[in-house]
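Residue numbers (the working numbering): 1 to 391.
Don't take each hint at face value.
[Said to hold, decoys possible] Here are the simulated SDA-like cross-link-like pairs (lysine to any residue), alpha carbons at most 25 Å apart as the crow flies: (1) Lys246 - Glu191; (2) Lys246 - Leu235; (3) Lys27 - Ala338; (4) Lys246 - Ile212; (5) Lys246 - Pro299; (6) Lys246 - Gln178; (7) Lys268 - His214; (8) Lys246 - Leu223; (9) Lys104 - Pro65; (10) Lys27 - Gln152; (11) Lys104 - Arg86; (12) Lys27 - Asn66; (13) Lys268 - Gln294; (14) Lys27 - Ala168; (15) Lys268 - Ser325; (16) Lys27 - Gln63; (17) Lys246 - Gly297; (18) Lys27 - Val37; (19) Lys246 - Asp233; (20) Lys268 - Pro322; (21) Lys27 - Thr376; (22) Lys246 - Glu184; (23) Lys268 - Ser257; (24) Lys27 - Leu306; (25) Lys246 - Ala188; (26) Lys104 - Arg16; (27) Lys27 - Leu157; (28) Lys104 - Arg383; (29) Lys27 - Ile372; (30) Lys27 - Gly150; (31) Lys27 - Glu154; (32) Lys27 - Gly169; (33) Lys246 - Leu267; (34) Lys104 - Ser69; (35) Lys268 - Thr256.
Everything labelled a hint here was simulated from the structure, so no lab data went into it. Just so you know, these numbers come straight off a predicted model, no measurement behind them.
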Amino acid sequence: MTRPASGTGPALQVDRIILREIRLELKEPFRISSGLVTDRRIALLQLFDASGARTWSECVAFQLPNYTSETIETAWMAIREWLAPRILGRQFAGPEEVHAVLEKNIRGHNMAKAAVEMGCWGLTSVLWNTPLSTLLGGTRDRVPTGISLGIQAEPALLVQRAEAAVAAGYRKIKVKIQPGQDVEYVRAVREALGDTVGIMADANSAYTLRDIDHLAELDALDLIMLEQPLGDDDLVRHATLQRRMKTPICLDESITSVDRAEDMITLKSGRIINIKPGRVGGMSASRAIHDIAQQAGIPVWCGGMLESGIGRAYNVALASLPNFSLPGDLSPSARYWARDIVSPEWTMDAEGMVHVPLGRPGLGVAVDEDGIEALTVRREELRPARVVAGT
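Using the sequences and the accompanying hints, generate a full structural model.
Below is the structure:
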């Protein structure tokens with residue numbers, strides 16, 4: 001696909017990064033198969049260009065290593081010790097050049113890398129006076145939105161939440177499942193909502209191939225997809241399961257790089273990819289996965305990581321690319337937070353669409369810096385060749 005070329009604006013030179021940790025309390029607890037989240041520790045980066053331009057980015061690592069091996073603590077250290085020093089004070093013709101610099105001889109730490117790399121995309125969009133979506137090559141001004149419903153105590157409670165989500169206009173209902181709370185729960189939702197509503201199930205790696213016959217029972221429920229039922233690093237067993245099931249398998253945790261996406265397509269481990277830019281190392285990798293999936297006829301969608309409005313801005317911009325053909329986890333701010341840290345807060349229209357902010361450069365939303373200051377529990381300033389610690 002045609003995209004803006006690197007070097008179509010001033011060179012990028014990050015001369016300062018401020019790391020902050022904030023705490024945002026969820027409006028209600030969110031349960032998946034690997035645990036319960038009640039509040040969100042979030043690492044934010046404020047990036048400053050030598051020209052005076054500045055922006056924000058977000059690291060999506062959780063407090064515990066229950067989604068990936070990364071945590072907010074490991075990401076903070078990786079950014080401070082290894083990643084920020086790679087880019088501070090260095091000139092780049094465009095943000096596409098940053099990914100390779102962060103990758104060289106540093107394995108893993110994708111979420112830490114993504115926080116830095118995505119910040120460079122955001123900063124470039126400010127520097128070049130263009131919306132982030134346009135810089136990425138987005139083609140749409142609205143993107144369809146789905147909702148993710150956590151595991152509930154009983155099917156009736158899940159049905160209530162699913163019915164409310166449909167009434168609110170959501171275009172896809174994602175139901176979290178785990179052994180003992182799966183087929184019966186999803187069947188109850190399907191029976192309540194009827195055949196026309198798009199429903200999917202997400203297992204977050206809670207099953208093994210010993211459950212293959214049980215998982216195949218989901219085929220009768222006409223789901224859009226079954227997301228990541230098996231191990232987080234598995235491709236071979238997912239291929240076995242996909243041969244057994246007619247329901248498309250979507251891979252999430254297993255897709256950590258462009259190579260892994262290519263392997264999935266080659267092995268036929270699934271038929272859909274969930275792209276989370278934090279999981280794959282940033283925007284350049286996300287675009288590359290989008291492109292190879294498009295060439296292979298594999299639809300993609302943008303998953304969520306309980307981001308604040310800053311992280312949501314990057315996801316919405318990414319989801320405006322053409323092969324993001326399925327509704328993403330791009331719920332409005334009010335779904336999770338009593339008050340978000342951006343203005344305007346993210347909202348959804350009556351048709352279940354989030355509008356891509358194309359009327360202003362950068363992220364498309366204003367960041368509430370006073371609010372962030374009040375929420376900050378840790379702060380550290382990074383400059384070329386030195387680190388200035390703060391409180």
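Checked hints:
Proximity of Lys246 to Glu191 is assessed by CA-CA distance (about 20 Å); at most 25 Å being required, the pair is judged to hold. Between Lys246 and Leu235, the direct Cα distance comes to roughly 17 Å. Compliance with the 25 Å bound is thereby established for this hinted pair. Restraint check for Lys27 and Ala338: satisfied, since their Cα atoms lie roughly 6 Å apart, inside the 25 Å limit. A C-alpha spacing of about 12 Å is found between Lys246 and Ile212, which places the hinted pair at or below 25 Å, so the restraint holds.
Distance restraint check for Lys246 and Pro299: the Cα-Cα separation of roughly 16 Å lies within the 25 Å cut-off, and the hinted pair is therefore satisfied. Under the criterion of a C-alpha separation no larger than 25 Å, the hint pairing Lys246 with Gln178 is consistent with the structure, at around 20 Å. Under the criterion of a C-alpha separation no larger than 25 Å, the hint pairing Lys268 with His214 is consistent with the structure, at around 21 Å. For the hint linking Lys246 to Leu223, the alpha-carbon distance of about 10 Å falls within 25 Å, and the restraint holds.
A hinted pair counts as satisfied when its Cα atoms are at most 25 Å apart, and Lys104 with Pro65 qualifies at roughly 24 Å. Between Lys27 and Gln152 the alpha-carbon distance is near 16 Å, which keeps this suggested pair within the 25 Å criterion. For the given pair, Lys104 sits about 10 Å from Arg86 by alpha-carbon distance, which is consistent with the 25 Å threshold. Of the pairs offered as hints, the one joining Lys27 and Asn66 holds, with about 21 Å between alpha carbons and a cut-off of 25 Å not exceeded.
Note on Lys268 and Gln294: the hinted pairing holds, with a Cα-Cα distance of about 15 Å set against a maximum of 25 Å. Only pairs whose Cα atoms come within 25 Å are accepted, and Lys27 paired with Ala168 is accepted, the gap being roughly 17 Å. For the suggested pair Lys268 and Ser325, the alpha carbons sit about 20 Å apart, so the restraint of at most 25 Å is met. For the suggested pair Lys27 and Gln63, the alpha carbons sit about 18 Å apart, so the restraint of at most 25 Å is met.
For the given pair, Lys246 sits about 17 Å from Gly297 by alpha-carbon distance, which is consistent with the 25 Å threshold. Between Lys27 and Val37 the CA atoms are separated by roughly 11 Å; this keeps the pair inside 25 Å, and the hint holds. This hinted pair checks out: Lys246 and Asp233 have alpha carbons roughly 22 Å apart, not beyond 25 Å. With a C-alpha separation of about 22 Å, the suggested pair Lys268 and Pro322 falls inside the 25 Å cut-off, and the hint holds.
For the suggested pair Lys27 and Thr376, the alpha carbons sit about 19 Å apart, so the restraint of at most 25 Å is met. For the given pair, Lys246 sits about 19 Å from Glu184 by alpha-carbon distance, which is consistent with the 25 Å threshold. With a C-alpha separation of about 16 Å, the suggested pair Lys268 and Ser257 falls inside the 25 Å cut-off, and the hint holds. A threshold of 25 Å between alpha carbons decides the hint, and for Lys27 with Leu306 the separation of about 12 Å falls inside it, so the pair holds.
About 20 Å separates the Cα atoms of Lys246 and Ala188, which keeps this hinted pair within 25 Å; it holds. The straight-line distance between the Cα atoms of Lys104 and Arg16 is roughly 22 Å, inside the 25 Å bound, and the hint therefore holds. The straight-line distance between the Cα atoms of Lys27 and Leu157 is roughly 17 Å, inside the 25 Å bound, and the hint therefore holds. Of the supplied pair hints, the one linking Lys104 and Arg383 holds, its CA atoms being roughly 21 Å apart against a limit of 25 Å.
Simply put, Lys27 and Ile372 have alpha-carbon atoms about 18 Å apart, close enough for the 25 Å limit, and the pair holds. Annotation: proposed proximity of Lys27 to Gly150 holds, straight-line Cα distance about 13 Å (limit 25 Å). Simply put, Lys27 and Glu154 have alpha-carbon atoms about 20 Å apart, close enough for the 25 Å limit, and the pair holds. Distance hint between Lys27 and Gly169 is fulfilled; the C-alpha atoms sit about 20 Å from each other, no more than 25 Å.
For the proposed pair Lys246 and Leu267, the alpha carbon gap of about 16 Å is at most 25 Å, so the pair holds. Of the supplied pair hints, the one linking Lys104 and Ser69 holds, its CA atoms being roughly 20 Å apart against a limit of 25 Å. Restraint check for Lys268 and Thr256: the C-alpha separation of about 16 Å stays at or below 25 Å, so the hint holds.
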